[in-house]
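Sequences listed follow chains A and B, in order.
So the first sequence is numbered by my numbering: it starts at 679 and just counts up by one.
So the second sequence is numbered by my numbering: it starts at 679 and just counts up by one.
Keep in mind that the hints were calculated from the coordinates and are not lab data.
Predicted model, so just to flag it, every value in this text is computed and none were measured.
Wrong hints could be hidden among the right ones.
[Unchecked claim] Per the computed footprint, the stretches of chain B lying under chain A, defined by three or more beta-carbons under 8 Å from a beta-carbon of chain A, are:
id : stretch
1  : 697-708
2  : 750-760
[To be verified] Sample of chain B residues lacking proximity to chain A, with all beta carbon distances greater than 10 Å (derived):
id : residue
3  : I736
4  : R739
5  : Y741
6  : S742
7  : N746
8  : K795
9  : F799
10 : E811
11 : D814
12 : T856
13 : E858
14 : L865
15 : E903
Every residue, glycine too, gets a C-beta built ideally from N, C-alpha and C.
In case you want the letters, here they are:
2 protein chains.
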Amino acid sequence: MDYLIDKKKFFDIWSNKLTIPIPALDIVIFTIYKWNLCLVLWRNKERFWDKYAIPGWIIARWYSLEENFDNILQRETGITWVYKEQLYTFGNPSRDDRWHVISISYYAFVKVESLLKTADFTKIDLVKYDDIENLDFVYDHKSIIKYAKQRLEWKLEYTNISKDLLPKNFRISQLQLTYEIVLWKKLDKRNFQKKIFKLHMIKETWELDKTTNRPAKLYTFIDKELKTYEIL
Amino acid sequence: MDYLIDKKKFFDIWSNKLTIPIPALDIVIFTIYKWNLCLVLWRNKERFWDKYAIPGWIIARWYSLEENFDNILQRETGITWVYKEQLYTFGNPSRDDRWHVISISYYAFVKVESLLKTADFTKIDLVKYDDIENLDFVYDHKSIIKYAKQRLEWKLEYTNISKDLLPKNFRISQLQLTYEIVLWKKLDKRNFQKKIFKLHMIKETWELDKTTNRPAKLYTFIDKELKTYEIL
DNA sequence: GCAAAAGTGTTTGGTCTACACCCATGA
DNA sequence: TCATGGGTGTAGACCAAACACTTTTGC
């Protein structure tokens, strides 16, 4: 009676084929590891013929995108929490040559401590972003990654997203280094600090980091929430 | 043999149910009509119990999102060309209470002349944005519209997207009015002009518009393409 | 001549950039 | 005592916001 619950429309029993594309969810996970921008990639030789893939799976019915995300993340990487945001939905019918799969893509950031504590390194590889040019990926996953990288750059310039890439307390030089790594350019130390302070993005703690020659003040983010700034 | 083409996974013949959600594509269409921000909405009493909906339909397999978009737009509104961009993918299982439908949403802009020339007003209604608060919409369409409006504001502030809302030639005061309508605030005439000119967004034509008391120069956009500006 | 919209500059405060030296500590 | 990274200020250019009067035309 109703067009939507007339399920015959979506599956043709005689040809044994769906008439709709299949929705999947894929995740680009960034982290800063040893002061390199890295990706958490999925390596599954059986399924992917020795190519890399970003974690992802078919979307299960009756679960929200968030629930599907959490489930895929946990099952395929072991990681329990990341900051995530929807990236884009890719629907080119030829992106997967076996079937029309629509990829609802997310990008995510994970702090390195959290990664090392929870990730299952038998399932994933940590790969430097700069190396992906030379690696083989399944389907259109390389272009999804590049799209995510653009978004990361924007996000870093206009929000306090770096809070999800850095430890709780950090030296200002580490914050600056994070920006330099992602934006891939040198920044001026004094101007950088002025900007960050003017935005009230971080505050001093009373701790010192004595691991370098001259001890450095440690800072922490003021806002726990994601905040967008007009300028940076 | 391969996990993806094992179609049994996606349709359970015994329960006669799909095991995946259904992907659909929905479109929020903006226009400026009689100097009001308006939406092109779909009114289908049979299907929608006298509520408004944004145009949309189930995604057909083997066609790209763009092809599905064009097809839906043409069939449901008659409109032949709009500027479009992907907005977001909404996947809450309860957004449609009959089935789990994932909505890949787009927002679009159409010039009023083009709208009036091609649209099929037996299928659509033109509704002022300011009125939607008091109207009934199916599913989560009202919140999709509000999300699209936010994006429109951003787009107007940082790009030359207004070219797709205005006629080819226009008075500067009309351009300013468009900004004021969408951003919902008064702008300073002199500062507005300085900004727009500094960005090299528009250029003079040698025509005059004599429909008001004092004739006004007509301007036109320099770039045909969408261009993003760092500042506005 | 008057109503209506067009057109036009200046000042002020704030922000961005470029740039160089001293400090505290560990080895 | 030296090497390493930490910490700090200023001057000049540019940009953004506030603000009011004159001009041209139709009626």
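List of violated hint numbers, smallest to largest: Of the numbered hints, 2, 3, 4, 5, 6 and 7 do not hold.
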